[in-house]
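J.: Residue numbers (the working numbering), protein chains in the order written: chain A, 1 to 75; chain B, 1001 to 1140.
Treat the hints with care, as some may be off.
[To be verified] Straight-line Cα separation of at most 27 Å, DSS-like style, residue types lysine-lysine; simulated pairs:
1. Lys43(A) - Lys1006(B)
2. Lys1072(B) - Lys1006(B)
3. Lys1006(B) - Lys1077(B)
4. Lys1072(B) - Lys43(A)
5. Lys1077(B) - Lys43(A)
6. Lys1082(B) - Lys43(A)
7. Lys1072(B) - Lys1082(B)
[Stated by the list, open to error] Pulled a few chain A residues facing chain B out of the computed Cβ check, cut under 7 Å:
8. Ser9
9. Thr32
10. Thr35
11. Asn37
12. Ala38
13. Lys43
14. Leu48
15. Phe52
Just so you know, these hints were derived from the structure itself, not from any lab.
Virtual Cβ for every residue (Gly too), placed ideally from N, Cα, C.
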Amino acid sequence: MAPTVVTNSIRRLRFEHDEMTQQDLAERVGVTRQTVNAIETGKYSPSLEVAFRMAEVFGVRVDEVFHYGPAAKKR
Amino acid sequence: MSFREKTAWVTLCAIVAVSLLYVFHMPTPFVPNPTLHVVHAMGASVLAYLVIEAVAWLVLRWRYPRDAREPKDEREKLIDLKAIRIAYYVLATASLLGIFITLHVANAGDVAMGMAVFLAFLLSQVVKHAVRIVYYRRGF
Chain A
1 MAPTVVTNSI RRLRFEHDEM TQQDLAERVG VTRQTVNAIE TGKYSPSLEV
51 AFRMAEVFGV RVDEVFHYGP AAKKR
Chain B
1001 MSFREKTAWV TLCAIVAVSL LYVFHMPTPF VPNPTLHVVH AMGASVLAYL
1051 VIEAVAWLVL RWRYPRDARE PKDEREKLID LKAIRIAYYV LATASLLGIF
1101 ITLHVANAGD VAMGMAVFLA FLLSQVVKHA VRIVYYRRGF
């Protein structure tokens, strides 16, 4: 089976939302800033609940925030 | 560096420092009646550790009051669980090894066996906090 990865567009989405800071996002999602940073840099894959909350904060679908599979690298 | 990572560093350093002091000044368990010496040394070590930990925790809380009030989020809870799991195996293995060595290899008494288990506990705590720091820094 080919290795899969989870990537995300959090950095871009934060930029598009008036350069929202990691701290702002963390407070709205209910996690620490370090956890947002870990998710953004691919060091931690969040639970579904946190993933959905992030998508809700940005006002997009969850698959616009997180991308899964070999093709995810191309985004 | 997150507040929890800072506390992990503080606890790790405190345990290592106190453990080294304890090991290098540990009264030998191979004297006729070692129990009192050993209990004194262990008591002093535990007290020193508690004082260091309490002072460091108060300083951290004073410097980072907002971070200290934040509850643990899912990643921090997961890191704690992973660290405790690894520390459990270290504690079990080191305890059994310590008991076996003191009873069957060194032919030492109950006091030495108790010290071996105590050292196994210290080792497991060192591993627990070291693993926490690694997960905080490297991710998983």
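J.: Hints first: check each against the structure and report whether it holds.
T.: To see whether the hints hold, each was checked on the structure:
The hinted pair formed by Lys43(A) and Lys1006(B) meets the criterion: a straight-line CA distance of about 19 Å does not exceed 27 Å. Between Lys1072(B) and Lys1006(B), the direct Cα distance comes to roughly 14 Å. Compliance with the 27 Å bound is thereby established for this hinted pair. Of the pairs offered as hints, the one joining Lys1006(B) and Lys1077(B) holds, with about 15 Å between alpha carbons and a cut-off of 27 Å not exceeded. Restraint check: the Cα-Cα separation between Lys1072(B) and Lys43(A) comes to about 18 Å, which is no more than 27 Å; the hinted pair holds.
Of the pairs offered as hints, the one joining Lys1077(B) and Lys43(A) holds, with about 15 Å between alpha carbons and a cut-off of 27 Å not exceeded. Proposed proximity of Lys1082(B) and Lys43(A) is supported: the alpha carbons are some 15 Å apart, at most 27 Å. Using a Cα cut-off of 27 Å, the hinted pair Lys1072(B) and Lys1082(B) holds, with the two alpha carbons roughly 15 Å apart. Checking Ser9(A) against chain B: minimum C-beta separation of about 19 Å lies over 7 Å; hint violated.
Taking 7 Å as the C-beta cut-off, the interface hint given for Thr32(A) holds, the closest approach to chain B being about 5 Å. Taking 7 Å as the C-beta contact cut-off toward chain B, the hint placing Thr35(A) at the interface holds, the least distance being around 4 Å. For Asn37(A), the suggested interface contact is broken, since its CB lies about 9 Å from the closest CB of chain B, more than 7 Å. At its closest, the beta carbon of Ala38(A) sits 5 Å from a beta carbon of chain B; the interface hint therefore holds under the 7 Å criterion.
The restraint placing Lys43(A) at the interface with chain B holds, with a minimum CB-CB distance near 2 Å, inside the 7 Å limit. The interface hint given for Leu48(A) is violated, since its Cβ lies 11 Å from the closest Cβ of chain B, which is over the 7 Å cut-off. Interface restraint check: Phe52(A) against chain B, minimum CB-CB distance 13 Å, threshold 7 Å, status violated.
Comparing the model with each earlier hint shows violations of hints 8, 11, 14, 15; every other hint is respected.
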